[in-house]
Amino acid sequence: MPVMAESEQLPVQPAREGSPAAWDALFRRYQLPLYVYVFELVRNEQTSLDVVQETFIAAVKHIDSLRDDEKFGSWLFGIAYQKIIQLWRKRGGKELLLDEIPESPNEFDDAPDDLLIRREQEAEFMNLLNQLPLPQRSVLLLHFVEEFSLDEIARITETQIGTVKSRLHYAKKSLRKLLERKNENAA
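According to the working numbering, the sequence shown is numbered sequentially starting from 1.
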């Protein structure tokens, strides 16, 4: 996660003391990045919204367990990660891909060709990413999209840093194989 400027310090202590304005500021700061992360794992809009809401409810209840206010972001993502794992386990370890959100048919009518190509490439990449096991997909998203360090990812996923490195390594390796296979089939 990018380091915040000192003038942009999070109001964690006021939130701990029950300040609604502080919780509102924290919610506004993290709701979108958290939603994007959760959605990329569960691929369902309503489920993603529910997980984000449950994450913030848990954060309010358990803010006193946070020992380092500067790690609020990784702590919050850790809560979301645990909520996703709970959903995954409830489904017997089956992937969480539920209902894809349909694209608006007129979404790109007036878009330039390069935007359409980029959108198609992103969709292809996400299809490949979705073929990875949840733990590998999660560390890729946390590292490359949310820009968390390996140490922060280890805290979020409650695993050893070696496990994070291994998952990241195997996720990249698997993505390369999937991409090679896709290119071979296209040729």
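The reader is advised that the hints may include incorrect statements.
As the list claims (entries may be wrong) - With a straight-line cut-off of 25 Å between C-alpha atoms, the simulated SDA-like cross-links for lysine to any residue are:
1. Lys90 / Ala22
2. Lys177 / Arg155
3. Lys71 / Lys90
4. Lys173 / Asp151
5. Lys71 / Gln13
6. Lys83 / Ile57
7. Lys182 / Ser149
8. Lys90 / Ser149
9. Lys90 / Gly18
10. Lys182 / Asp151
11. Lys83 / His62
12. Lys71 / Ala22
13. Lys90 / Trp23
As the list claims (entries may be wrong) - The calculated label-pair distances, taken between Cβ atoms and stated as ranges, are:
14. Ser65 / Arg181: 41 to 51 Å
15. Lys182 / Pro133: 15 to 25 Å
16. Lys173 / Ala21: 44 to 54 Å
17. Ala186 / Ser19: 11 to 21 Å
18. Asn185 / Pro133: 46 to 56 Å
Just so you know, the hints here were simulated from the structure itself, not pulled from any lab data. Cβ coordinates follow ideal geometry from the N, Cα and C atoms, glycine included.
Structure-based check of all given hints:
1. Lys90 / Ala22: 34 Å, violated
2. Lys177 / Arg155: 29 Å, violated
3. Lys71 / Lys90: 29 Å, violated
4. Lys173 / Asp151: Answer holds: Lys173 to Asp151 is near 21 Å, not above 25 Å.
5. Lys71 / Gln13: 12 Å, holds
6. Lys83 / Ile57: 12 Å, holds
7. Lys182 / Ser149: Judged against 25 Å, a Cα distance of about 30 Å means the pair is violated.
8. Lys90 / Ser149: 29 Å, violated
9. Lys90 / Gly18: 33 Å, violated
10. Lys182 / Asp151: With a Cα-Cα distance of about 33 Å, the restraint between Lys182 and Asp151 is violated, given a limit of 25 Å.
11. Lys83 / His62: 14 Å, holds
12. Lys71 / Ala22: 16 Å, holds
13. Lys90 / Trp23: 30 Å, violated
14. Ser65 / Arg181: 41 to 51 Å: Hint holds: Cβ distance 44 Å, inside 41 to 51 Å.
15. Lys182 / Pro133: 15 to 25 Å: 18 Å, holds
16. Lys173 / Ala21: 44 to 54 Å: 46 Å, holds
17. Ala186 / Ser19: 11 to 21 Å: 55 Å, violated
18. Asn185 / Pro133: 46 to 56 Å: For Asn185 and Pro133 the Cβ distance comes to about 22 Å; the hint is violated.
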